[in-house]
Structures are given as C-alpha cells and as structure tokens.
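Residue numbers 1 to 459, in this note's numbering, belong to the letters of the sequence shown in order.
None of these hints come from the bench; they were simulated from the model. It cannot be assumed that every hint is accurate.
What the hints assert, rightly or not - Simulated restraints, written as ranges between beta carbons of each label pair: (1) Ala440 with Glu207: 20 to 30 Å; (2) Leu430 with Lys148: 35 to 45 Å; (3) Asn104 with Asn49: 37 to 47 Å; (4) Asp127 with Lys57: 20 to 30 Å; (5) Gln164 with Tyr235: 31 to 41 Å; (6) Lys99 with Leu226: 16 to 26 Å; (7) Tyr235 with Asn49: 22 to 32 Å; (8) Lys148 with Ala74: 21 to 31 Å; (9) Ser114 with Ser91: 51 to 61 Å; (10) Pro167 with Ala40: 43 to 53 Å; (11) Thr85 with Leu138: 13 to 23 Å; (12) Leu226 with Ala385: 46 to 56 Å; (13) Lys133 with Asn49: 16 to 26 Å.
Claimed, not checked - List time: in silico PhoX-like cross-link candidates among lysine-lysine, alpha-carbon distance up to 20 Å: (14) Lys107 with Lys159; (15) Lys78 with Lys99; (16) Lys317 with Lys381; (17) Lys150 with Lys111; (18) Lys427 with Lys382; (19) Lys150 with Lys137; (20) Lys458 with Lys382; (21) Lys448 with Lys458; (22) Lys458 with Lys381; (23) Lys116 with Lys71; (24) Lys232 with Lys246; (25) Lys71 with Lys99; (26) Lys71 with Lys178; (27) Lys216 with Lys117; (28) Lys99 with Lys133; (29) Lys133 with Lys179; (30) Lys78 with Lys159; (31) Lys133 with Lys71; (32) Lys206 with Lys116; (33) Lys107 with Lys150; (34) Lys99 with Lys111; (35) Lys117 with Lys178; (36) Lys116 with Lys159; (37) Lys57 with Lys216; (38) Lys117 with Lys206; (39) Lys117 with Lys107; (40) Lys381 with Lys427.
Each residue gets a CB set at the ideal place from its N, CA and C atoms; glycine is no exception.
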Amino acid sequence: MAQAETIQFTMNDWLSNAGIVGVHNILANADLIPRENENALYMNVSDLNEFSQYYFKFFLDQYQSLSSYAKIMAYQEKINHWQQTDYEDFSSEDYADFKDYIQNTLKYYVKANSFKKIYPLIINHLDVIQATKELPKLVNLTQKNNFKVKRPEIIELMKEMSQQLRPIYDYFTAPDAKKYFPVLSTLYTVVNNTWTNISYFNRSNKEPDFYIAYEKTFVDPVREYLTTDHSKDKYHCSNCNRPVTKPDLSYTFLNDMGFDTARKTSNVWDFNNDLTICPICQLMYSCSSAGFNFIYGHGLFVNSNNNIDELISINRKINQEIWQSSDDKRQVTPYAAMIRTLTEQQLKDKEYVLDDVQVIEYENEHYRFNILPRNIVRLFKKDAASFNRLRGANYSLNGTRHYVYEEVADYVLNSQNLYLYVNQILKIYLSQPTAVFIQAEQVDALLKINHDFLEGMKN
1 MAQAETIQFT
11 MNDWLSNAGI
21 VGVHNILANA
31 DLIPRENENA
41 LYMNVSDLNE
51 FSQYYFKFFL
61 DQYQSLSSYA
71 KIMAYQEKIN
81 HWQQTDYEDF
91 SSEDYADFKD
101 YIQNTLKYYV
111 KANSFKKIYP
121 LIINHLDVIQ
131 ATKELPKLVN
141 LTQKNNFKVK
151 RPEIIELMKE
161 MSQQLRPIYD
171 YFTAPDAKKY
181 FPVLSTLYTV
191 VNNTWTNISY
201 FNRSNKEPDF
211 YIAYEKTFVD
221 PVREYLTTDH
231 SKDKYHCSNC
241 NRPVTKPDLS
251 YTFLNDMGFD
261 TARKTSNVWD
271 FNNDLTICPI
281 CQLMYSCSSA
291 GFNFIYGHGL
301 FVNSNNNIDE
311 LISINRKINQ
321 EIWQSSDDKR
331 QVTPYAAMIR
341 TLTEQQLKDK
351 EYVLDDVQVI
361 EYENEHYRFN
371 ILPRNIVRLF
381 KKDAASFNRL
391 RGANYSLNGT
401 RHYVYEEVAD
411 YVLNSQNLYL
421 YVNQILKIYL
431 SQPTAVFIQA
441 EQVDALLKIN
451 HDFLEGMKN
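Input sequences plus hints: build the corresponding full structure.
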C-alpha cells in the first residue's frame, strides 16, 4: 500500500476550523508553509517527523513572555544592572519588589508540582529547591529600622544574594531547561483550554517529557493510520468520514465538547456510540489551542469560514493586534483586538468582513458563541474612533476590575442597549469616585456608540 504524501484537513465546524488554523500556525511558525485550496489545508506527511517539536515551539514562541519561566528570569537583568552600578540607584521600592519576587515568584514556582515533574529531565543536577532554601534571609523593615537606616546592610545582603542566585539562573538558562520550562506553564494556561485528560494531562501518565507524551498520543497513531490498509474497515470518523479500524478514539478529550462514551451512553442514539474519530482528526483537534488567540485565560476564535485564506488571515490579524498593540498585555483583550482588526483601513474594502460571522469566546473554562451581524460590523467601522477612545477606561465593582472596552464590545455583540451600563458606571462614580477611571469624553464615546447602535437597529 502506497503511503500518501500529504494529509488533508477540510473545513467543517468551528472546532475543526480552529484546529486547521492551529495546524497552519504551528507549521508556519516552523517556517513550513502548508499548501491550501479554497476549503482545505494540506500538510506534508514528512512534517510528522518533527511535529511534536513544532507543536511546542509554537506555544513557546507565542506565550513565553507570559510564562512562569519569564517571571522567574525577569530579575536576572535587574540584578546585573544593580551589580554593574554598585547598587547606586537601588531604592526601597526595588527592595520591596525584590522581596516579593523571591518569596512569591522564585520560591513559589520552583517547588510547584509541574516544575518537579521536569527536574529529572534536566542534565544539570543542581537541587533548585534546596538552592532557594539556602538563599540569605532578607531583612524585614519597620518604621524604626527603615530602608535608609538599613541600606548598607541590605546592599551587602543583595550582593551575597546575587552570587547565590547565579547558579539558579544558570540552571534555568541551560539549553535543555529552556526547552521545557518556558513551555511548561503554557500547557496549563493555553494548551489545556481546548483539550485535556489524555497524553501529558492524563492522571495515569508516567511520561514526564511532554514532547514524548504528545508524540505517542497524537503523532504516532497518525503514522500507523497512514501505513494501514483501511479497505475492510467497518467504522468511519464522524468528523471527516475516513474509514476507521476500531472505534478507540472519541471526543472525550475535548473540553466542554466531548463526554465519557463509556459511562454516558445515554448521550448517543439508542445507547450505541458512533461518535468515533480518526487519528488525523484527533491530531487536528489537539492543534485547536494554537488556532484560538488566548491571553490571561480569555480566548477568541473568529469562524469566518468562506474560505481557508480568510479564516487564517482574520485570526492572524487578531493575533497581531494582541501581541503588537501594547507592552502592557493586561490592557489587551481578544475582543478589543477583534474590533481593531475589523476596523482596520486595509480591511474596509474586503467584502467578506461584512458577512455574518461566528465568534467563539473562551472564558471561565467554557465557550460562548455569538454571531457578528453585518450591522454590528458596520457599527464597529463607523465608531472606530469612539471605541478607541474607550481604551484604558475601567472601574472596580465588588473587588473585580472591569474594562469598559471589552464590556461594551460584549454588549454590542449581544445587541444590548448601553444606557443601563452607562448609568451603572456613573452611579459607582458618584458613590466611589476612586473606583472609576473614566473621563467625560469616554462617557460621550459610550453615548455616541449607543446612539449609533440604536439607529442601526431601526434600520
């Protein structure tokens, strides 16, 4: 039996499309551009040889700056600066931040269970947990023993501390450590947003190397499938209709989508499960995390499914808006990035942007679905300046910080009048002025958006 040279992924439902975009993003990030036609993507079979490496490299390159590893390494440059300047500009604020870093970042993460799984894979046999325990105890400041009084002692302590931190930083910057630790937190903050319970996330998994675990679960079955004769198979993949030898694989591993087919047979017709999938679709679904745009637990995927190029293009532009628009990523939301993408000048002549399009949002471990109608897209275009003016506006309610830009986008997408929302913000401002950060011109922008929204509803 001759083995095919390419693997075809055909556009289908939103989750399949997210997986297809993910496959494209993973390969493109490795400088491998997959072939595509109007509604299908083609991956070379030879790309399977390094696919697990490509897979995690994508998440490393995309999300490393937000990882726990980045937080650990954040102080290395500062310490180098203080050493080079002999701590001339070292202030009480620097000391307070450093104390917080040692206790709540460095010592916290090095003893996390996820880190402990990786330590046996690292060639450097430094006991990092013990090394952090042996760091000098930092001075506690009081009103009497303030920073100014204790500064000479603190500077000497910092010099000693910097020497003992050096082997720890050397440990985390070694090539094998950089292969694992920067990716590690993305497994738990990004990858498992769309799938879990199998491979590295299976509780019974004994393989600490997530590269190997992913290879065994997702890549090896595809290789086996492609070299097997399926002419006599009795089953078919419920997603792509490829023949399947055994109904071993299912949607169970997909978050908020699959179910335990062994225990919940009542979920299928006549208690007979026919929702099996082939290894190729399982691989595709594992890539859906790379098709969504995630930041701080909030994800977005625009299922603009007229054709492959459009699907990939609009989600890529949203990604670019998220990662290029601001240094402070906490001020960036996928919704805001989507609005800016849809209102870009270079997209105004693209007719497909005016088509009704499905928007899938991921938050609080669940998906939410919206349809982006033509009149709402037109509103985003018409009031692009007003929406942009809302950036930075926020308020606190019941101890939670709310960002106006994102909430207004949510209201508009759900065709909700903004009058009650504006009223709520003003009431909070009157009772707790310090809890609201919004200017008069931003309130005007809210009212203009609402006026144009109501006008659009009439038309």
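Hint-by-hint comparison with the structure:
{"no.": "1", "hint": "Ala440 with Glu207: 20 to 30 Å", "in the structure": "59 Å, violated"}
{"no.": "2", "hint": "Leu430 with Lys148: 35 to 45 Å", "in the structure": "42 Å, holds"}
{"no.": "3", "hint": "Asn104 with Asn49: 37 to 47 Å", "in the structure": "42 Å, holds"}
{"no.": "4", "hint": "Asp127 with Lys57: 20 to 30 Å", "in the structure": "29 Å, holds"}
{"no.": "5", "hint": "Gln164 with Tyr235: 31 to 41 Å", "in the structure": "60 Å, violated"}
{"no.": "6", "hint": "Lys99 with Leu226: 16 to 26 Å", "in the structure": "56 Å, violated"}
{"no.": "7", "hint": "Tyr235 with Asn49: 22 to 32 Å", "in the structure": "28 Å, holds"}
{"no.": "8", "hint": "Lys148 with Ala74: 21 to 31 Å", "in the structure": "27 Å, holds"}
{"no.": "9", "hint": "Ser114 with Ser91: 51 to 61 Å", "in the structure": "34 Å, violated"}
{"no.": "10", "hint": "Pro167 with Ala40: 43 to 53 Å", "in the structure": "52 Å, holds"}
{"no.": "11", "hint": "Thr85 with Leu138: 13 to 23 Å", "in the structure": "20 Å, holds"}
{"no.": "12", "hint": "Leu226 with Ala385: 46 to 56 Å", "in the structure": "53 Å, holds"}
{"no.": "13", "hint": "Lys133 with Asn49: 16 to 26 Å", "in the structure": "43 Å, violated"}
{"no.": "14", "hint": "Lys107 with Lys159", "in the structure": "19 Å, holds"}
{"no.": "15", "hint": "Lys78 with Lys99", "in the structure": "13 Å, holds"}
{"no.": "16", "hint": "Lys317 with Lys381", "in the structure": "16 Å, holds"}
{"no.": "17", "hint": "Lys150 with Lys111", "in the structure": "31 Å, violated"}
{"no.": "18", "hint": "Lys427 with Lys382", "in the structure": "29 Å, violated"}
{"no.": "19", "hint": "Lys150 with Lys137", "in the structure": "14 Å, holds"}
{"no.": "20", "hint": "Lys458 with Lys382", "in the structure": "16 Å, holds"}
{"no.": "21", "hint": "Lys448 with Lys458", "in the structure": "16 Å, holds"}
{"no.": "22", "hint": "Lys458 with Lys381", "in the structure": "18 Å, holds"}
{"no.": "23", "hint": "Lys116 with Lys71", "in the structure": "17 Å, holds"}
{"no.": "24", "hint": "Lys232 with Lys246", "in the structure": "11 Å, holds"}
{"no.": "25", "hint": "Lys71 with Lys99", "in the structure": "14 Å, holds"}
{"no.": "26", "hint": "Lys71 with Lys178", "in the structure": "14 Å, holds"}
{"no.": "27", "hint": "Lys216 with Lys117", "in the structure": "18 Å, holds"}
{"no.": "28", "hint": "Lys99 with Lys133", "in the structure": "14 Å, holds"}
{"no.": "29", "hint": "Lys133 with Lys179", "in the structure": "25 Å, violated"}
{"no.": "30", "hint": "Lys78 with Lys159", "in the structure": "13 Å, holds"}
{"no.": "31", "hint": "Lys133 with Lys71", "in the structure": "19 Å, holds"}
{"no.": "32", "hint": "Lys206 with Lys116", "in the structure": "13 Å, holds"}
{"no.": "33", "hint": "Lys107 with Lys150", "in the structure": "24 Å, violated"}
{"no.": "34", "hint": "Lys99 with Lys111", "in the structure": "17 Å, holds"}
{"no.": "35", "hint": "Lys117 with Lys178", "in the structure": "15 Å, holds"}
{"no.": "36", "hint": "Lys116 with Lys159", "in the structure": "29 Å, violated"}
{"no.": "37", "hint": "Lys57 with Lys216", "in the structure": "18 Å, holds"}
{"no.": "38", "hint": "Lys117 with Lys206", "in the structure": "10 Å, holds"}
{"no.": "39", "hint": "Lys117 with Lys107", "in the structure": "16 Å, holds"}
{"no.": "40", "hint": "Lys381 with Lys427", "in the structure": "30 Å, violated"}
The structure fails to meet hints 1, 5, 6, 9, 13, 17, 18, 29, 33, 36, 40 from the earlier list, while all remaining hints are met.
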